[in-house]
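Undergrad: Chains as they are written, first to last, in the UniProt record's numbering: chain A, 1 to 130; chain B, 1 to 92; chain C, 1 to 120; chain D, 1 to 111.
Read the hints as simulated data drawn from the structure, not as lab findings.
Beta carbons: idealized from backbone N, C-alpha and C, even for Gly.
Be aware that a few hints might be false.
[Said to hold, decoys possible] The list that follows gives simulated cross-link-like pairs (lysine to aspartate or glutamate, EDC-like), each with its CA atoms no further than 16 Å apart:
(1) Lys70/D with Glu75/C
(2) Lys106/D with Glu60/D
(3) Lys15/D with Glu90/A
(4) Lys70/D with Asp34/C
(5) Lys98/A with Glu16/D
(6) Lys94/A with Asp14/D
(7) Lys4/C with Glu117/A
(8) Lys15/D with Glu92/A
(9) Lys4/C with Glu90/A
(10) Lys98/A with Asp14/D
[Unchecked claim] Take a look, some chain C residues computed to stay more than 10 Å from chain B by CB distance:
(11) Ala54
(12) Thr76
(13) Ala92
(14) Gly108
(15) Asp115
[To be verified] Label-pair restraints from in silico Cβ distances:
(16) Arg95/A with Glu58/D: 42 to 52 Å
(17) Asp54/D with Arg3/C: 28 to 38 Å
(18) Glu100/C with Asp54/D: 17 to 27 Å
(19) Gly113/A with Trp46/D: 24 to 34 Å
(20) Tyr11/B with Gln58/A: 24 to 34 Å
(21) Gly62/B with Gln93/C: 39 to 49 Å
(22) Asn21/D with Tyr11/B: 15 to 25 Å
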Amino acid sequence: MQFTLVIYGAPHASEGAATALRFARAVLASGHEIYRVFFYGDGIHNGSALAAPPQDEQDLLAQWQQLQQAHNLDLTLCIAAAQRRGVLSESEAKRLEKPAVNIAAGFTLAGLGQLAEAAALSDRVVTFGG
Amino acid sequence: MTLHIVNQSPYAGSALSDCLNALHPGDAVVLIEDGVYAVNDPRLSASADNSFCLGADAIARGVTVPESIETIDEARWVALCAEHNPIVSWFR
Amino acid sequence: MPRKSILAICRHAPYGNALAREGLEAILACAAMDQVPAVLLINDGVFLLLEQDAQQIGEKNLRRNLAALPMFGVETLHLCERSLRERGIDPAQLSLPGTELKLLQNPGAFIAGFDQVLSF
Amino acid sequence: MENLVIEGREIPLDKEGFLRNLGDWSPQVAEALAAQENIVLTEDHWDVIRLLQDFYREFELSPAMRPLVKYIDQHLGPEKGRSIFLMQLFPPSPAKIGSKIAGLPKPTNCL
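Next comes chain A alone, as it looks inside the complex:
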């Protein structure tokens, strides 16, 4: 079965993203697939390359990236939500004339159409609230 996960919570601010990570691992371990992880609202902060949590706290970004690499996950940040909150790719920073790029490796920016498409093409959509 194809699962899509929608995440609204910022890391280290709400528990949603950490729960989603546990859920995602269980989905994969159960033999299902993850069609897409769509980060929306404050959830887009999960894709910031600049987060530097203390060494004795869990590093959510590194865990998402490991999972992404191991399973070739589609980690999509909503571009409109990310623009508002300041997570930019090189091309967006250029287009919007902003001074820095901070999207983490393994994540992509894309439109809300990717949420619509995931809802239409996956078997299950699970929302992780903020």
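Following the hints, position chains B, C and D against chain A.
TA: Same frame as chain A, but now just chains B, C and D:
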């Protein structure tokens, strides 16, 4: 049959009661995160036929889950998601 | 794309939480992609329908965004009757140009009829 | 994109040619913005520009293609409420180019 996921403490907001007001016979409720503080809420046992509680979240918080509610791990949660459709989250 | 029935549930009040605005944006985007969702306003989401003047707090008017739904192909808004009554809103006083407002007595049965639910 | 100069006054544009200050919009500015897209504004263009501005006032949204077509259909009739009509007026991306010339906020790149 719908699977409802509640992640908010019933003492902090209305997510649990909002969920229970939108319950259809046969639906299941999964308590996760702060939602596990609802394990002893009488409204839950009164309205929901099938209630589940994510074990790790309950243990992490020192919450004891009564026998009327099935304690589940993440794999069982995924299985419940596969068995039910649609899935609705109630939060904040 | 294969047809899946999609329901968007809006249960947050405007302005206090970005989810009210971003939920509407997601609904518009789905509709613009030919995945027109059904829309249910429930709990504090029913407050989206009140006449409002968001300029007072420097915000864009979310009721106006809601009024754009028919342009995107969403011509019916489903409202939880209980949520309205609990909040002292008389359903008979509500209207939105170009939109049919449908009252639901049993949101649970309604929700159960969809393939996917997006919760906002 | 180079800034516009209208009657000796400089109108700043961003990199993609959108007005930096939406308050700078005037019919003359629209003519100049259109010229940058190699478009000469006709009465049909102006009808659409006015409807784009009405749409924005009514819904506080810059329209995507589909709702724009529907809105034009409602106000100018089915003959003009078609994407081909808009494509001819504001190629290659009518909602974006039209919004730029009408002085609406830059779309969020969402669709």
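Undergrad: Work down the list of hints and note, for each, if the structure agrees.
TA: Taking the hints in turn, this is what the structure says about them:
1. Lys70/D with Glu75/C: holds (13 Å)
2. Lys106/D with Glu60/D: Measuring from Cα to Cα gives roughly 13 Å; hence the hint holds.
3. Lys15/D with Glu90/A: Holds, because 15 Å separates the two Cα atoms, which is no more than 16 Å.
4. Lys70/D with Asp34/C: Roughly 14 Å between the alpha carbons, so the hint for Lys70/D and Asp34/C holds.
5. Lys98/A with Glu16/D: holds (14 Å)
6. Lys94/A with Asp14/D: holds (11 Å)
7. Lys4/C with Glu117/A: Cα-Cα ~10 Å, so holds.
8. Lys15/D with Glu92/A: holds (12 Å)
9. Lys4/C with Glu90/A: violated (35 Å)
10. Lys98/A with Asp14/D: Holds, at roughly 12 Å.
11. Ala54: holds (21 Å)
12. Thr76: Fine: 19 Å to the nearest Cβ keeps Thr76/C off the interface.
13. Ala92: Since the minimum Cβ distance to chain B is about 22 Å, Ala92/C lies beyond 10 Å and the statement holds.
14. Gly108: violated (4 Å)
15. Asp115: violated (6 Å)
16. Arg95/A with Glu58/D: 42 to 52 Å: With a Cβ separation near 28 Å, Arg95/A and Glu58/D fall outside 42 to 52 Å, so the hint is violated.
17. Asp54/D with Arg3/C: 28 to 38 Å: About 33 Å separates the Cβ atoms of Asp54/D and Arg3/C, which means 28 to 38 Å holds.
18. Glu100/C with Asp54/D: 17 to 27 Å: holds (23 Å)
19. Gly113/A with Trp46/D: 24 to 34 Å: Holds - the Cβ-Cβ distance for Gly113/A and Trp46/D, about 31 Å, lies within 24 to 34 Å.
20. Tyr11/B with Gln58/A: 24 to 34 Å: Check passed, 27 Å falls within 24 to 34 Å.
21. Gly62/B with Gln93/C: 39 to 49 Å: Since Gly62/B and Gln93/C have Cβ atoms about 48 Å apart, the given range 39 to 49 Å holds.
22. Asn21/D with Tyr11/B: 15 to 25 Å: For Asn21/D and Tyr11/B the Cβ distance comes to about 49 Å; the hint is violated.
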